[in-house]
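Could you build all of it, start to finish, from the sequences and the hints given here?
Protein chains: 4
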Amino acid sequence: MTSDKQISSHGFCTHAEFQAVKVLNDGFLSLDDPTHPANLICELCRLFYEKDWVTGTGGGISIRDVKGKNPNIVYIAPSGVQKERLKPYEMFVVELPEEKLLRSPNDCPEELTKKYKYKPSACTPLFMSCYQLRDAGACIHTHSQNAVMCSLLWEDKAEFSISHIEQIKALPLLKHNQSTGHVEKVGSMQFFDKLVIPIIENTPQEEDLTDSLQEAIKKYPNTTAVLVRRHGIYVWGEDVWKAKVYNEAIDYLLELAVKMRLANIPTVKA
Amino acid sequence: MTSDKQISSHGFCTHAEFQAVKVLNDGFLSLDDPTHPANLICELCRLFYEKDWVTGTGGGISIRDVKGKNPNIVYIAPSGVQKERLKPYEMFVVELPEEKLLRSPNDCPEELTKKYKYKPSACTPLFMSCYQLRDAGACIHTHSQNAVMCSLLWEDKAEFSISHIEQIKALPLLKHNQSTGHVEKVGSMQFFDKLVIPIIENTPQEEDLTDSLQEAIKKYPNTTAVLVRRHGIYVWGEDVWKAKVYNEAIDYLLELAVKMRLANIPTVKA
Amino acid sequence: MTSDKQISSHGFCTHAEFQAVKVLNDGFLSLDDPTHPANLICELCRLFYEKDWVTGTGGGISIRDVKGKNPNIVYIAPSGVQKERLKPYEMFVVELPEEKLLRSPNDCPEELTKKYKYKPSACTPLFMSCYQLRDAGACIHTHSQNAVMCSLLWEDKAEFSISHIEQIKALPLLKHNQSTGHVEKVGSMQFFDKLVIPIIENTPQEEDLTDSLQEAIKKYPNTTAVLVRRHGIYVWGEDVWKAKVYNEAIDYLLELAVKMRLANIPTVKA
Amino acid sequence: MTSDKQISSHGFCTHAEFQAVKVLNDGFLSLDDPTHPANLICELCRLFYEKDWVTGTGGGISIRDVKGKNPNIVYIAPSGVQKERLKPYEMFVVELPEEKLLRSPNDCPEELTKKYKYKPSACTPLFMSCYQLRDAGACIHTHSQNAVMCSLLWEDKAEFSISHIEQIKALPLLKHNQSTGHVEKVGSMQFFDKLVIPIIENTPQEEDLTDSLQEAIKKYPNTTAVLVRRHGIYVWGEDVWKAKVYNEAIDYLLELAVKMRLANIPTVKA
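Protein chains in written order, with the working numbering: chain Z, 1 to 270; chain W, 1 to 270; chain D, 1 to 270; chain Y, 1 to 270.
Among these hints, one or two may not hold up.
Computed cross-link-like contacts, EDC-like style, restricted to lysine to aspartate or glutamate with a CA-CA straight-line distance of at most 16 Å [said to hold, decoys possible]: (1) D:Lys-51 / D:Glu-84; (2) Y:Lys-259 / D:Glu-155; (3) D:Lys-51 / Z:Glu-50; (4) W:Lys-269 / Z:Glu-50; (5) Y:Lys-259 / D:Glu-255.
Quick caveat, the hints were computed from the structure, so don't treat them as lab data.
In structure tokens, the structure reads:
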């Protein structure tokens, strides 16, 4: 869109916004570096919008700055905003493990926020669960119709599963290490492996999903994603690009699974 | 498209058009401000074209300048033009409640209009109904195939309904306030709420839909949209972004509903 | 794509191509004018590629310069090239009614053509039929899957038809004028009108379709399009934008018709 | 995406990367020439990502520099990277027929590679098979869902076939020349020809597909593609553009075949 093009000379900001942010001298932003987490959240939310994974104000991505000076720093988008129109200065920043608030977009000058009062994304406790329980580097939440349709076509099941599809090889082979107590990546899944993704039931409030998401994460040490019935999916990875790749591979498999199911082809090969 | 890129330095206008409009000193345009209603109509119609919500010359969006000096001013696109190629100077401007014509694109110099005689969009009386009866800030009309397919799959029904899908939470909870006589937004819909959208029958002339649209708006105080059988949908909201978000959420639900219906999954959970 | 962006400063040409074409002083090109037929063919073929209407080297558009000094001049793309990568200097130009060749891309310097020997599109006699028999201003040919699927789902029929869908109103109401012998546009189709598009059988050679296309055009004076079984569709209009709008409206209706047929909903309302 | 736009002034590189690559004085790169194989791989992988043919890190394209000084030079993308974000300096370069390594991205300065250790794409032996056995100029591998679905809908068959669809004419007519022992292109397929594409069974390791791919290539001298069950497709052509056109035409036919099969329409006309 033309107005997007107009703002491209300063990343995701207009010239005026750029000047305002520069004056802030905000250590949690770096408008000129497209690989900075605050900028990547903006870029990826636009991509996810084009792919129909986030729509309305639903869905999004949180990134932990795993390659930065302080890898405990987490960037979170605000709640209730159009994710494809996010600006880097709208991010919340918290520090793990206490989730201490280091930066709020509400501290920005009014010329930037237009007096809007931001709240962190309702997904925050769910993203935090992935950081805390799995040491994730980024976590994606989508309302993908493929995810919702699989949760409906497997309505009476607590697990979605598929095997013998090449794209499964894009997913990590995870193992619970008894000595460290951590889930560790020990390789990639194989073509003939059965990918199992737990499905949890949706709750009226997004934050109320936290308990069942954490349970599923613990009960399924091999998974890098959790489906939420009639809602969508959470996918995480070691860093932002791994999370993106896992989400793309899983959505591909969910899309294929819907087609297979409707054509009466079993998704798990006997 | 390249020619779009060529014109991006002055928003939606070529350099020559920009100069011509500047000379006009037209108080109803502001080419440099991408958030101005006349520019947003152009931007959003392009987006809606990419999303296949407007095609041919059908569909569009009208915006009331709720944050401007005069919130009674309404921007309307012309009829019979390709909506994804609209220019800001092609807009009609009227003032509520009398719908007094303040600006016509036919007053532009011929170098801009190329002698084309513009008429306001045929949707105008329908957009006006949303402004007058619901104090809407913007109103979207699409020929979305999901809307048409739902109206066909629910052919014998005067209502479309769906429940227990997360995306429903993007929609407003509306209540008729007995003391003020106005419909007011009192929050957001819940996951388990049943979204009900009335379906009215299509008429040969678009303006003849006005009566039944107004009836539906009055009969369904909780709705922020009306489906038109074998035609499309009207969606409105408190401002342009809310209308956009509501339209995206509803179209997502209509798309999902078609898939559910064809897979024999009830859209309303028992 | 980035390489497309690189060439955008001179329309659809790189800087080097632009210089080479300028030196040509070719009266049939006007690189700086995005509305020139040679540029519009490039722009629209890119759009049609994105919409999946042209793919591989199939499909395309021819434009008659109805608003130029000589409205008998017709621009035709070459055969066997990727239509989304066309350059304006690759066009053939012929003059009606004799179809006299006024310009061939093979006359360009080798630095432009890279010694490639161009032939006019195999659709040329079909495009010419629309110009000659209907005084069309532009003619579009696509391999749209919606067109092919309709020709398959209506396999035993020589006509596709649909009624009572709003989008039908985007199509022209055509009447054979007995006194002039011409087919004339007398308005727009109505919502309740039945749109009938003839389906002709495909032939091994594209040019061999000419006779049956001409027959269909004569037998169906009300149509602005002809479907070709297992092949695609030809759509024409008074000028390039009308042809584009008609093609969009018809493809929308064909897409909807496939969905309706598969859901056992009759496309013509009783 | 905005960050893509930011880097467009130097092709697919940021200004800093451009400077670093320039200093390299690397004879296998030519950042300013968009038609150079290293740049075309980047451009086409982005296109294939948008078309959903490559996703996650799967799929890609290899190009042999058939029009360069040394037509035995082959460009190969690295394994395990997001193909739509490839940079030209990340390519491996090998020389046929010994597949001698001429260039490795691992020789780039660390500021470019960020210490990442690249490996050639796991498809390399399969691409090489097409170069060696068919003298291909480029080879495309996709995980297209249409390819996977056809391999599932034809689960008990070792061949996919379709006839009497116009798009078949985009594919080459190949004949085994007894005297030279080579497969040669002798024209284009005809509308009524039956396109037959062999389907080989998938293997746990991509390189283990080599034997069965080579067998299929030898057994089916008329084919320019091989389907891999539950995996995707390999398509090659005389040069990069022919490979792209063949891939587009075949994917179009596979997409149509899925629709025909699900609608109980035979893909081969009796």
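Which hints from the list above does the structure break, by number from lowest to highest? Going through the list in order, the structure violates hint 4 alone and respects the others.
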